[in-house]
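Q: These are the residues of each chain, in order.
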Amino acid sequence: MYRTAKGEEIFVIDGHTHFWDGSPANQKNIHGKQFIECFYAYHSNLSPPSEKWPLEKFEKYDAKTMFDDLFVTGYDDMAILQPTYLTDFYKNGFNTTERNSAIKKSHPDRFILNGAFDPRDGTKGLEDLHALSEKHKLKGVKLYTAEWRGESKGYKLTDKACYQYLEAAQKLGIKNIHVHKGPTIIPLNRDAFDVADVDDVATSFQDLNFIVEHCGLPRLDDFCWIATQETNVYAGLAVALPFIHTRPGYFAHIISELLFWVGPDKILYGSDYGIWTPKWLIDKFMAFEIPADVTKETGSVLSMETKTKILGLNAARLYGIDVEAQKKKIRAGGGYAHLPEAVHAAP
Amino acid sequence: MTTMNERGDQNQQMAGARPRGRAAEVWHCLQGVTDPELDESVVELNFISRVEVDSENRVHIEFRLPTYWCAANFSFLMADDMRRAVIELDWVVGVSVVLGEHMYADKINEGLAKGLSFRDTFGVEADGDLDDLRRTFLIKAFQRRQVALLNHLAGAGHAATTVVSLTLGELGDLPVEDEGAKLVRRYLERRDVVGPVRADALAFLDAEGARLKADGLSSYVSGLRRVGINAEFNSALCRGLLSVRFDLETPFVAKSKMSSSTNSGSQHVP
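If you read the sequences in order, they're chains A and B. Throughout the first sequence, residue numbering follows our numbering, covering 1 to 347 in sequence. Throughout the second sequence, residue numbering follows our numbering, covering 1 to 270 in sequence.
Check before you lean on any hint, since a few could be wrong.
What the hints assert, rightly or not - Below 27 angstroms or equal to it, Euclidean Cα-Cα: the simulated DSS-like pairs (lysine-lysine) are:
| hint | chain 1 | residue 1 | chain 2 | residue 2 |
| --- | --- | --- | --- | --- |
| 1 | A | 28 | A | 52 |
| 2 | A | 296 | B | 213 |
| 3 | B | 107 | A | 33 |
| 4 | B | 107 | A | 91 |
| 5 | A | 57 | A | 28 |
Note that these hints are calculated values from the structure, not bench results.
Model the full assembly from the supplied sequences, consistent with the hints where possible.
A: And the structure:
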């Protein structure tokens, strides 16, 4: 919960969090080591110095640390757990639905547990998706199109097998498809970060929502164009948001373009925890205004109403969260006990 | 042998320590090689970690990238462009380019050493060469340079009607101050991506080679704005990741072994 100086309460849903194990004990090979070190470079490069963690903590943090960082020190009311399996790099996987489900189980009102699928898993994978969905009542999945599987170095959303999985997701009521574009898609002579396949599936699956993580970066320009055409394509702010500290000028341009092309109803806040933590991200975001010269170019303004949508209301709509009812639940469970009296006494 | 690593080049203030002679020529040459995605020089981006010229005029170049996962195709393109640029120097008898700490380093380095094409290097993992990819990013680079120049010309008071009818000859003759001259030069370097370059050809065309219209110019410019913003964001991210990955922030302290070869170690001891 974020509370403004005027006492307005802003309900925050963190659209992108992880409970991973990237520790050396879990690393299968050099790629596992390089993967977590690459994440750590993002963390080190873009975090304020006071928020930097030692590598050991970053590699593997416990559930309590995560809970405190998100909900006690941080302003998150709820967080979506997005799995990333990486079973070719990590012995027990990096951040599986199973691992995430333990923390969800301890704090059911705080977390939304997403699943995952990989179209290269064939019929068995479809069966697993059914089982996963039944077990966890999934409303969303996270897809990492650059995941390595043996000889395969990734897939496209437009692959025939992926269509079958998306059809299955639709039938199972999994409405939210979070897409993370990484490098190394085969064939290697094409643009590895191309977002054109998102355009294709968004047209074919009008009932599904496609939340493109990192707002399509490093293809923000192409992504904006697609999101303008497709009503069911959303922008996840992870990776762009931390620039608010190191490079506020760039962040201003990016948020201004996103508001211009994608619109205030289709942008979702995400900390990408443990890469970054909600406290400083939201403090900076709430204090941020788009400079006049940038507004002049796009007409975009980051109003309080828009901030409220980005921080929680948009995700609440996608995941069917009744904000007032959820606040009551969290309050009843003592979830706001650490906040100043005025906040948790609010109706 | 002349040895000069990147830190030496970037950090040393002593004029005498700057690369001289043939190594300097190689550095100068590499200045013109760009990261196709970012449209910036690989030297400016700090990607080159080592340049050596041996006594037989063979050049050895080492480079590294911001992450272990940087796309294989761009990595290969940059290495290939470095080789092609440097071999143009008339005294060079051979060029080796080696990429370090990358998921495809072995494969790329082997392909480069054998002088293979991208397609032959990656075999079944690639279903063609890199021409389409290169063109996609040349167009983006063109658009980014064009929008920067159009904004500059608008800011300097040139009317849209005048701008869209300028020929390349007239653009070259336009009285502009330093910043403008740089933007014109950069634009002209990429203008051939969209159409033939002749003095009487129109200076400003869109990506399809069609002339721009004065009345739609501002919406055309705002449509292209995101291309430049994307590239600048990526560039900032890449520079940041590179500097963390190779600790380029910490002032360089020469190890005793190196100080004798670079003859400048004491300059860096705080």
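Q: For the pair supplied as a hint, residue 57 of chain A and residue 28 of chain A, is the alpha-carbon distance within the 27 angstroms limit?
A: 19 angstroms, holds
Q: Would the pair residue 107 of chain B and residue 91 of chain A pass a check requiring their Cα atoms to be no farther apart than 27 angstroms?
A: Holds. Residue 107 of chain B to residue 91 of chain A sits at ~26 angstroms (cutoff 27 angstroms).
Q: Quickly compare the C-alpha distance for residue 296 of chain A and residue 213 of chain B to 27 angstroms and report which way the hint goes.
A: Holds - the C-alpha atoms of residue 213 of chain B and residue 296 of chain A are around 22 angstroms apart, at most 27 angstroms.
Q: Hinted pair, alpha-carbon criterion (27 angstroms max): residue 28 of chain A, residue 52 of chain A. Please report holds or violated.
A: 26 angstroms, holds
Q: Starting from residue 107 of chain B, check that the Cα of residue 33 of chain A is at most 27 angstroms away, please.
A: Within the cut-off at roughly 20 angstroms; holds.
When each numbered hint is compared with the structure, no violation occurs for any of them.
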